[in-house]
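Participant: Using the sequences provided together with the hints, build the complete structure.
Residue numbers (full-length UniProt numbering), protein chains in the order written: chain A, 1 to 540; chain B, 1 to 540.
In short, the hints are calculated from the structure, not lab data. A portion of the hints provided could be inaccurate.
Copies of the same chain look alike in the list, so a pair counts if it fits in one copy or across any two.
[As the list claims (entries may be wrong)] Derived PhoX-like pairs (lysine-lysine); straight-line CA-CA distance at most 25 angstroms:
1. Lys291 x Lys481
2. Lys436 x Lys404
3. Lys291 x Lys370
4. Lys431 x Lys404
5. Lys404 x Lys463
6. Lys414 x Lys431
2 protein chains.
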Amino acid sequence: MSRERLYLYDTTLRDGQQTQGVQFSTAEKLKIAAALDALGVDYIEGGWPGANPTDSAFFDTVPATRATLTAFGMTKRAGRSAANDDVLAAVLNAGTGAVCIVGKTHEFHVETALGIGLDENLETIRDSVAHLVAQGREALFDAEHFFDGYRANPAYALDCLRAALEAGARWLVLCDTNGGTLPAEVHRIVTEVIAAGIPGNRLGIHTHNDTETAVAASLAAVEAGVRQIQGTLNGLGERCGNANLVSLIPTLMLKPPYRDQFEIGVTAEALEGLTRLSRMLDDILNRVPLKQLAYVGGSAFAHKAGLHASAILKNPATYEHIDPALVGNRRFVPMSNQAGQSNLRRRLAEAGLEVDPGDPALGRILEAVKAREAEGYSYDTAEASFELLARAELGRLPEFFEVKRYRVTVERRKNKRNRMVSLSEAVVVVKVDGEKKLSVSESMDETGSDRGPVNALSKALAKDLGRYQTAIEDMRLVDFKVRITQGGTEAVTRVIIDSEDGAGRRWSTVGVSANIVDASFEALLEAVRWKLIRDVGETP
Amino acid sequence: MSRERLYLYDTTLRDGQQTQGVQFSTAEKLKIAAALDALGVDYIEGGWPGANPTDSAFFDTVPATRATLTAFGMTKRAGRSAANDDVLAAVLNAGTGAVCIVGKTHEFHVETALGIGLDENLETIRDSVAHLVAQGREALFDAEHFFDGYRANPAYALDCLRAALEAGARWLVLCDTNGGTLPAEVHRIVTEVIAAGIPGNRLGIHTHNDTETAVAASLAAVEAGVRQIQGTLNGLGERCGNANLVSLIPTLMLKPPYRDQFEIGVTAEALEGLTRLSRMLDDILNRVPLKQLAYVGGSAFAHKAGLHASAILKNPATYEHIDPALVGNRRFVPMSNQAGQSNLRRRLAEAGLEVDPGDPALGRILEAVKAREAEGYSYDTAEASFELLARAELGRLPEFFEVKRYRVTVERRKNKRNRMVSLSEAVVVVKVDGEKKLSVSESMDETGSDRGPVNALSKALAKDLGRYQTAIEDMRLVDFKVRITQGGTEAVTRVIIDSEDGAGRRWSTVGVSANIVDASFEALLEAVRWKLIRDVGETP
Numbered sequence: 001m002s003r004e005r006l007y008l009y010d011t012t013l014r015d016g017q018q019t020q021g022v023q024f025s026t027a028e029k030l031k032i033a034a035a036l037d038a039l040g041v042d043y044i045e046g047g048w049p050g051a052n053p054t055d056s057a058f059f060d061t062v063p064a065t066r067a068t069l070t071a072f073g074m075t076k077r078a079g080r081s082a083a084n085d086d087v088l089a090a091v092l093n094a095g096t097g098a099v100c101i102v103g104k105t106h107e108f109h110v111e112t113a114l115g116i117g118l119d120e121n122l123e124t125i126r127d128s129v130a131h132l133v134a135q136g137r138e139a140l141f142d143a144e145h146f147f148d149g150y151r152a153n154p155a156y157a158l159d160c161l162r163a164a165l166e167a168g169a170r171w172l173v174l175c176d177t178n179g180g181t182l183p184a185e186v187h188r189i190v191t192e193v194i195a196a197g198i199p200g201n202r203l204g205i206h207t208h209n210d211t212e213t214a215v216a217a218s219l220a221a222v223e224a225g226v227r228q229i230q231g232t233l234n235g236l237g238e239r240c241g242n243a244n245l246v247s248l249i250p251t252l253m254l255k256p257p258y259r260d261q262f263e264i265g266v267t268a269e270a271l272e273g274l275t276r277l278s279r280m281l282d283d284i285l286n287r288v289p290l291k292q293l294a295y296v297g298g299s300a301f302a303h304k305a306g307l308h309a310s311a312i313l314k315n316p317a318t319y320e321h322i323d324p325a326l327v328g329n330r331r332f333v334p335m336s337n338q339a340g341q342s343n344l345r346r347r348l349a350e351a352g353l354e355v356d357p358g359d360p361a362l363g364r365i366l367e368a369v370k371a372r373e374a375e376g377y378s379y380d381t382a383e384a385s386f387e388l389l390a391r392a393e394l395g396r397l398p399e400f401f402e403v404k405r406y407r408v409t410v411e412r413r414k415n416k417r418n419r420m421v422s423l424s425e426a427v428v429v430v431k432v433d434g435e436k437k438l439s440v441s442e443s444m445d446e447t448g449s450d451r452g453p454v455n456a457l458s459k460a461l462a463k464d465l466g467r468y469q470t471a472i473e474d475m476r477l478v479d480f481k482v483r484i485t486q487g488g489t490e491a492v493t494r495v496i497i498d499s500e501d502g503a504g505r506r507w508s509t510v511g512v513s514a515n516i517v518d519a520s521f522e523a524l525l526e527a528v529r530w531k532l533i534r535d536v537g538e539t540p
Numbered sequence: 001m002s003r004e005r006l007y008l009y010d011t012t013l014r015d016g017q018q019t020q021g022v023q024f025s026t027a028e029k030l031k032i033a034a035a036l037d038a039l040g041v042d043y044i045e046g047g048w049p050g051a052n053p054t055d056s057a058f059f060d061t062v063p064a065t066r067a068t069l070t071a072f073g074m075t076k077r078a079g080r081s082a083a084n085d086d087v088l089a090a091v092l093n094a095g096t097g098a099v100c101i102v103g104k105t106h107e108f109h110v111e112t113a114l115g116i117g118l119d120e121n122l123e124t125i126r127d128s129v130a131h132l133v134a135q136g137r138e139a140l141f142d143a144e145h146f147f148d149g150y151r152a153n154p155a156y157a158l159d160c161l162r163a164a165l166e167a168g169a170r171w172l173v174l175c176d177t178n179g180g181t182l183p184a185e186v187h188r189i190v191t192e193v194i195a196a197g198i199p200g201n202r203l204g205i206h207t208h209n210d211t212e213t214a215v216a217a218s219l220a221a222v223e224a225g226v227r228q229i230q231g232t233l234n235g236l237g238e239r240c241g242n243a244n245l246v247s248l249i250p251t252l253m254l255k256p257p258y259r260d261q262f263e264i265g266v267t268a269e270a271l272e273g274l275t276r277l278s279r280m281l282d283d284i285l286n287r288v289p290l291k292q293l294a295y296v297g298g299s300a301f302a303h304k305a306g307l308h309a310s311a312i313l314k315n316p317a318t319y320e321h322i323d324p325a326l327v328g329n330r331r332f333v334p335m336s337n338q339a340g341q342s343n344l345r346r347r348l349a350e351a352g353l354e355v356d357p358g359d360p361a362l363g364r365i366l367e368a369v370k371a372r373e374a375e376g377y378s379y380d381t382a383e384a385s386f387e388l389l390a391r392a393e394l395g396r397l398p399e400f401f402e403v404k405r406y407r408v409t410v411e412r413r414k415n416k417r418n419r420m421v422s423l424s425e426a427v428v429v430v431k432v433d434g435e436k437k438l439s440v441s442e443s444m445d446e447t448g449s450d451r452g453p454v455n456a457l458s459k460a461l462a463k464d465l466g467r468y469q470t471a472i473e474d475m476r477l478v479d480f481k482v483r484i485t486q487g488g489t490e491a492v493t494r495v496i497i498d499s500e501d502g503a504g505r506r507w508s509t510v511g512v513s514a515n516i517v518d519a520s521f522e523a524l525l526e527a528v529r530w531k532l533i534r535d536v537g538e539t540p
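Facilitator: Shown next as structure tokens:
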């Protein structure tokens, strides 16, 4: 049975840029466009040429793409023809194969925002779209506030679509601009639009996540007959974001009935790069990736409940809706007091530690984990610290070096210009191969500002580890999380540190103490030890 | 027209606890239960009594609630009767009004996970539910993997439901345990279940967000006839989380057709507390609240696009799907102070600072808040620090004393018994009434253990403030939260300190710095200043 083609339209670089706190550079836009092209979307909306220097520079420098590069703009302004509108001209000057222009379809907005008559708005749409077509471009019409407009005046909203269609628009995109329309309503209205004579294969859907249903509303629109979906990577976008293509793509490819009815431009191989792509965008935005993201999140295939974890060991299909490898993600069976011995061996195996089922060390490791968790430690995410703890019980934890003592001082006082400034200084004393090494570092960074006591300690610890020094040179602290928790009856501080190295490894370690500096030092030390096991091996 | 009652079942304390990295203490569970009860959910699932000490302690100490407190467990184990199952007995011993037990409805799981025959599983369900009913409890049956089971063998899945129904279960909850079922499929299967004779008003829905459609799937189930929705606050839960009640509640109350067809137990007034409730949970979890959350996120009513922002000023309905005040959220228009000023005056009045509408200080305060927030400060909860900032702009911030400098040292080394121990020592130099005072304190508590550098600093700061000393004697630091956040382009540490005094006041202050000790000291200092304004007044 032949499947129908569904088209994906990515607007990460335009609507995604409306996210609070997001401001892409031209270089970042180019990097994202290349990744989208490799993924296999059909359209890449690059921005609004002429609206700001970044977007203009993007269109000036973007190399040829397999996807149709699209410039965004709006219908011509009142009181001039489309051919004489300089804003529209700037959009066309970007020279893209497709141009998408947004226009009004809701009578309230025509009157309130544009301040023109309903007929004049129809003429505006017609003239603007016809102008794009006359310039040889593929024309898309973004029908702003379409669902609200249709509810208010269905006949007029449909007239707006017909005006664009008759003027030659390839796609009419039904936009739920305010994000308030729920999936069942989207389904009903799309069904009525198609029944009114607008062909489904000329319709697109553009939803927002203001009710946490943008993905479902896009699917509902597809079920009702639209054949283009607009969305963004990781659901970036104004307010609560746009429909998340990172969730939609695997659903369309892997889930019935979609996978059997439709075909999209993404290959199974490209789908395996989806998790990496999602994380890359977070890297560019300097955001910590959300663990709960559908398909690609770090927790998406994490099985914490003891009953689930033991069933997963028998057969992954018991508690997984897809194989995580299909989207480039992986299964994770965390340790916690709710999980039993059944998943311990699996977790050890993942760390390269094969242990026989009957080994009494298993019981000791579980006891050690439980005792540690009672003190405030948590091994859900700190898998590197878990490995070190297990190695200690298995007698497989090498002693590369010994920390004899450390001291860190934070001082705040007035500088010469009478301003309060602070500075931290750390001394760490280690013994490596029988030799005592004293290292001292301060917390000042290149810009002259104080990065605090943990930074100073981290630098002093990594300053001279003798023959192990080369192995830790490419280590980098990438995240640092602190929380106050309960250790027995006292409040203690738990620090989780994420580290990275030149080989692309990323690992998490934990430290706990009533003293926050101490907790941080413990996590730092564990990070170094884990790295040395990887690069030096078990026998130093 | 009378509306039909829909029931809300919250499982934040049970399924929500399956979130990777989440481990509630008993005290936190009690706090969340009280908040859920105030919100107006119908059922609060508190955990699995007997499964771990925290859950057992919760049921032992939880006070009476308006909502039906519910204990979670599973059907009896094979080879014994429900009456002789000690695991089930522990669940019943919690003494809750309702008990929810999970059981199998998917033939594959009956055979793979339980290893029993299909008929024996029906008998297991019947005996277990009947036992709950015989003990006088309201019985709920969580039909695990129901949708997968129904797809594999609809007749058997229905038989499982009927077994529970006939044994007296009040609710049969259709669980999409693996989270892979899409909304249209949920709608179809629920419709068929009801057509097969199971009454919709005995059915509940329990979805997971593995395809980012848990909220929509819950709505689809309601449309098909179920009358109970299970979910969690902020969508906590195993893997990608459960259906998010924080999104579902406003949709059910504010959006057609739901608001016209259904009634839930949440009042319009309680709905106004929803944003605060969502943030409270993040506070407990020490998570940075997600700005993009539907309804309650910090960006949910933020209008970044220039065209949108100017239209919003003319009429908020142009780009907002609901009034943000209905859910206790606020509009955020980055480029304009117009919207901010009335909120600001209300907030100042709450701190006892009456300011005239035209006062230019209002603009200065808004600017100061904006500048501070860009550095990483947050005044959402730190209302005492907000008051101090406003007082500075209003010229109403008394200078009780001046901190000239401080120094804190953390040292870790071996003690006489060859054990590693740490000790912190702090020196604080203040000037009060022209007199310089040096105070030194260490971090050792009564038990001889080190409480860390912030403790030492706090003690040194509060040791001698001259004639103000009596006013701060009854101050106590009750909570301390640390978060790594973004200050401009750099990661900085934000510390929030909660303080309490003998008069029962409780206040929060904030400090931000790349140096965690510095950030803590700033928050400590603000706490002392706020207290002095309360007890000494504005003119020292």
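Participant: Hints first: check each against the structure and report whether it holds.
Facilitator: Structure-based check of all given hints:
| no. | hint | in the structure |
| --- | --- | --- |
| 1 | Lys291 x Lys481 | both (15 angstroms within a copy, 19 angstroms between copies) |
| 2 | Lys436 x Lys404 | within (9 angstroms within a copy, 38 angstroms between copies) |
| 3 | Lys291 x Lys370 | within (16 angstroms within a copy, 30 angstroms between copies) |
| 4 | Lys431 x Lys404 | within (7 angstroms within a copy, 39 angstroms between copies) |
| 5 | Lys404 x Lys463 | within (15 angstroms within a copy, 33 angstroms between copies) |
| 6 | Lys414 x Lys431 | between (37 angstroms within a copy, 14 angstroms between copies) |
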